[in-house]
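Colleague: Read off the chains here:
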Amino acid sequence: AQKVTQAQTEISVVEKEDVTLDCVYETRDTTYYLFWYKQPPSGELVFLIRRNSFDEQNEISGRYSWNFQKSTSSFNFTITASQVVDSAVYFCALSEGTSGTYKYIFGTGTRLKVLA
Amino acid sequence: KAGVTQTPRYLIKTRGQQVTLSCSPISGHRSVSWYQQTPGQGLQFLFEYFSETQRNKGNFPGRFSGRQFSNSRSEMNVSTLELGDSALYLCASSLVGGILDTQYFGPGTRLTVL
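Quick note, the sequences are listed as chains A and B, same order. So for the first sequence, the working numbering puts the first residue at 4; every next one is plus one. So for the second sequence, the working numbering puts the first residue at 1130; every next one is plus one.
Isolated chain A, as found in the complex (with noise of 0.2 angstroms):
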């Protein structure tokens, strides 16, 4: 069955402190996306990242950061210098399928509160 673990369910960090995001996922397809979305107070999700399965190259977006690990089957979430704009809920997606049929499997969330 497929599932997303974000068992960190809040965070807070003050201003400038690095943060890791955990995601679990479990699957039994060898072709499958995650995913990351950043959910700020205004309600709508905003995309971050998307990688597939073939790809555990580490990805860097400035202050963000992504290590993908299939041995551990976890897709974890890095901000470095955390900002207070950066408080949002985060959550990690799972996709199986071809392009297609397909659906999205979404953790629970994790909140992020970073304080001034």
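In short, the hints are calculated from the structure, not lab data. Model, not experiment: these values are computed from the prediction. Ideal Cβ placement from N, Cα and C applies to all residues, glycine included. Careful: at least some of the hints might be erroneous.
[Claimed, not checked] Estimated spans, in silico, between C-beta atoms of each pair:
| no. | chain 1 | residue 1 | chain 2 | residue 2 | range |
| --- | --- | --- | --- | --- | --- |
| 1 | B | Arg1192 | A | Thr8 | 26 to 32 angstroms |
| 2 | B | Glu1211 | A | Lys6 | 38 to 44 angstroms |
| 3 | B | Gly1191 | A | Gln86 | 43 to 49 angstroms |
| 4 | A | Thr81 | B | Thr1231 | 19 to 25 angstroms |
| 5 | B | Gly1213 | A | Lys6 | 19 to 25 angstroms |
| 6 | A | Ser15 | B | Lys1142 | 34 to 40 angstroms |
| 7 | A | Ser45 | B | Asp1230 | 21 to 27 angstroms |
| 8 | A | Lys6 | B | Thr1231 | 20 to 26 angstroms |
| 9 | A | Val49 | B | Lys1142 | 24 to 30 angstroms |
[Unchecked claim] Cross-link-like lysine-lysine pairs, in silico, BS3-like; alpha carbons within 25 angstroms at most:
| no. | chain 1 | residue 1 | chain 2 | residue 2 |
| --- | --- | --- | --- | --- |
| 10 | B | Lys1186 | A | Lys106 |
| 11 | A | Lys41 | A | Lys6 |
| 12 | A | Lys106 | A | Lys73 |
| 13 | A | Lys106 | A | Lys41 |
| 14 | A | Lys73 | A | Lys41 |
| 15 | A | Lys116 | A | Lys19 |
| 16 | A | Lys6 | A | Lys73 |
| 17 | A | Lys6 | B | Lys1186 |
| 18 | A | Lys41 | B | Lys1186 |
Given chain A, put chain B in place with the hints provided.
Modeller: For chain B alone, kept in the frame of chain A given last:
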């Protein structure tokens, strides 16, 4: 370019009623997906429409239905509302849909069922 718009933003209904939510995608986007977000169940995929056809469906009862018009605008309907249908309903649009296409989300419609 205008983003995804959803109307209404807030809605209060009573059990047994039905409700229709609307989503206008970004201009040029032909795929619209719907999601339900509740504190208990989290974010769940409802269905996706592309070119007026339902292309994917999540695990929701038949009370949840949708449609898409020729201008790509989409509506979602929930009949015989239950208390558990209280949720934030999010709509997302993308150019052609699919896993490789980036989804852009609207602000959602918050439905409260009394």
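Colleague: Each hint: holds or not?
Modeller: Against the structure, the hints:
no.: 1; hint: B:Arg1192 with A:Thr8: 26 to 32 angstroms; result: holds (29 angstroms)
no.: 2; hint: B:Glu1211 with A:Lys6: 38 to 44 angstroms; result: violated (26 angstroms)
no.: 3; hint: B:Gly1191 with A:Gln86: 43 to 49 angstroms; result: holds (45 angstroms)
no.: 4; hint: A:Thr81 with B:Thr1231: 19 to 25 angstroms; result: holds (22 angstroms)
no.: 5; hint: B:Gly1213 with A:Lys6: 19 to 25 angstroms; result: holds (22 angstroms)
no.: 6; hint: A:Ser15 with B:Lys1142: 34 to 40 angstroms; result: holds (36 angstroms)
no.: 7; hint: A:Ser45 with B:Asp1230: 21 to 27 angstroms; result: holds (23 angstroms)
no.: 8; hint: A:Lys6 with B:Thr1231: 20 to 26 angstroms; result: holds (24 angstroms)
no.: 9; hint: A:Val49 with B:Lys1142: 24 to 30 angstroms; result: holds (29 angstroms)
no.: 10; hint: B:Lys1186 with A:Lys106; result: holds (8 angstroms)
no.: 11; hint: A:Lys41 with A:Lys6; result: holds (19 angstroms)
no.: 12; hint: A:Lys106 with A:Lys73; result: holds (20 angstroms)
no.: 13; hint: A:Lys106 with A:Lys41; result: holds (19 angstroms)
no.: 14; hint: A:Lys73 with A:Lys41; result: holds (23 angstroms)
no.: 15; hint: A:Lys116 with A:Lys19; result: holds (12 angstroms)
no.: 16; hint: A:Lys6 with A:Lys73; result: holds (15 angstroms)
no.: 17; hint: A:Lys6 with B:Lys1186; result: holds (17 angstroms)
no.: 18; hint: A:Lys41 with B:Lys1186; result: holds (23 angstroms)
Comparing the model with each numbered hint stated earlier shows that hint 2 is the single one that does not hold.
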